[in-house]
Amino acid sequence: MKHSQQSAPAPRRSVSRSIITVIAEVLLTFAAICGLYVAWMQWWTGVESAHVQEETRQQVAWAQPDAGGALTIAQPQQGEPPVQPESARVGELMARVYIPRFGDQWERNLVQGTSLVELNQHGLGHYETSQMPGQVGNFAIAGHRNGYGQPLGDVDRLQPGDAIVIRSQDYWYVYQYTNYTIVTPDDGSVIGSNPEHPGEAPTKRMITMTTCEPKYTTPTHRWISFGELAYWAKVADGIPQELAKEGPDGAVQFVNNEKQSFFTSIGSLAPYVWGALAVYALVFAAAAVAWRWPALRAIREGRTSLPDTDIYGWLLRHQPGAAPVRWLLVLLLVFAAVCALFQWGFPWAAGNIEFLKQMSNYVTI
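Going by numbering that gives the first Met the number 0, the first residue of the sequence shown is number 0, and it counts up by one from there.
Just so you know, these hints were derived from the structure itself, not from any lab.
Cβ coordinates follow ideal geometry from the N, Cα and C atoms, glycine included.
Each hint should be verified, as a subset may be incorrect.
Heads up, simulated BS3-like pairs for lysine-lysine below, C-alpha to C-alpha not over 27 Å straight-line [claimed, not checked]:
#1 K233 - K258
#2 K356 - K214
#3 K244 - K258
#4 K233 - K244
#5 K233 - K203
Simulated restraints, written as ranges between beta carbons of each label pair [as the list claims (entries may be wrong)]:
#6 E91 - P323: 51 to 57 Å
#7 R156 - S17: 48 to 54 Å
#8 F354 - Q77: 51 to 57 Å
Can you make the complete structure from the sequences, with help from the hints?
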């Protein structure tokens with residue numbers, strides 16, 4: 000009798016406990032999705048933006064500063080700065096931007112236009128009505144402060160005299176940061192030709208960078224950073240001193256190694272979604288033929304007690320094969336679901352659900 004009692008299946012838990020289990024699983028799933036959304040917003044949007052920027056750079060035939068041999072320091076030039084580009088189409092690459100204060104590896108593309116397409120995917124955007132690099136007036140650019148690679152996420156770290164380096168196809172324009180102000184979104188004077196004295200003719204060659212304020216909550220204002228042109232140089236002559244460092248052998252080196260990370264090289268997650276589902280289908284079919292559904296069979300035959308009602312346990316039990324195979328199948332489904340959320344679900348939510356738009360800074364600058 001003692002042996003019979005020990006081998007008998009345990010009784011099924013109460014209905015109330017099953018309800019609590021399902022509610023807990025739903026809440027935990029919701030919390031996981033919220034955490035994944037934050038990861039998508041803070042990290043993956045930047046990965047996607049970096050991928051697009053890298054592709055854009057590869058599509059243009061811009062010469063490297065060291066194309067002629069050893070890298071050298073480009074000396075400041077005298078005279079009127081050349082204007083390049085003189086014009087640009089919306090979405091077209093105008094320049095590459097370097098701000099050493101943000102880190103040696105900080106680099107962003109600058110394209111024409113400041114719509115969500117430009118700001119979310121291409122790095123920084125140039126206000127079409129503002130001046131071009133090097134011109135007298137105001138060269139005004141915009142970028143996200145949070146998410147999408149947060150190109151201007153550290154504007155509050157800038158100090159007077161910090162370099163803001165603009166590289167067009169053939170020229171370097173080295174600006175120096177001067178000061179900042181915080182304005183409401185409807186204050187367009189900051190991107191006018193003379194933001195210091197609106198309405199007057201410009202006399203300086205200025206740069207203005209606009210981004211959202213505050214950084215992590217609904218952006219109610221704009222953080223405006225100003226700078227003035229210090230000098231210009233030729234790309235053919237090398238790199239600006241502000242972007243140079245001394246190598247082990249005393250040679251001049253570019254501080255930015257321009258290496259692409261593994262995640263940046265991925266691009267679309269769609270192939271991973273379909274690939275995971277294809278592997279799932281193959282393993283599912285093979286396991287169904289080889290083992291059938293041992294977990295369900297054990298319940299039917301009375302060797303295992305009837306389990307509680309729960310979501311993930313139900314999903315695991317309804318996979319064919321031995322326990323390791325069932326876990327593998329569930330993990331493949333979870334992986335495909337996470338990739339699908341990153342690829343399609345979260346972008347849709349950020350663009351269509353109002354409070355997520357605000358939380359994600361999914362608004363134009």
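Here is what the structure says about each hint:
1. K233 - K258: The hint holds at about 24 Å.
2. K356 - K214: This hinted pair holds, its Cα atoms lying about 14 Å apart.
3. K244 - K258: holds, 17 Å
4. K233 - K244: With a Cα-Cα distance of about 18 Å, the restraint between K233 and K244 holds, given a limit of 27 Å.
5. K233 - K203: Between K233 and K203 the Cα gap is close to 21 Å, so the pair holds against 27 Å.
6. E91 - P323: 51 to 57 Å: holds, 53 Å
7. R156 - S17: 48 to 54 Å: Once the Cβ atoms are compared, 53 Å apart, the range 48 to 54 Å for S17 and R156 holds.
8. F354 - Q77: 51 to 57 Å: The hint (51 to 57 Å, Cβ to Cβ) holds, given that F354 and Q77 are roughly 54 Å apart.
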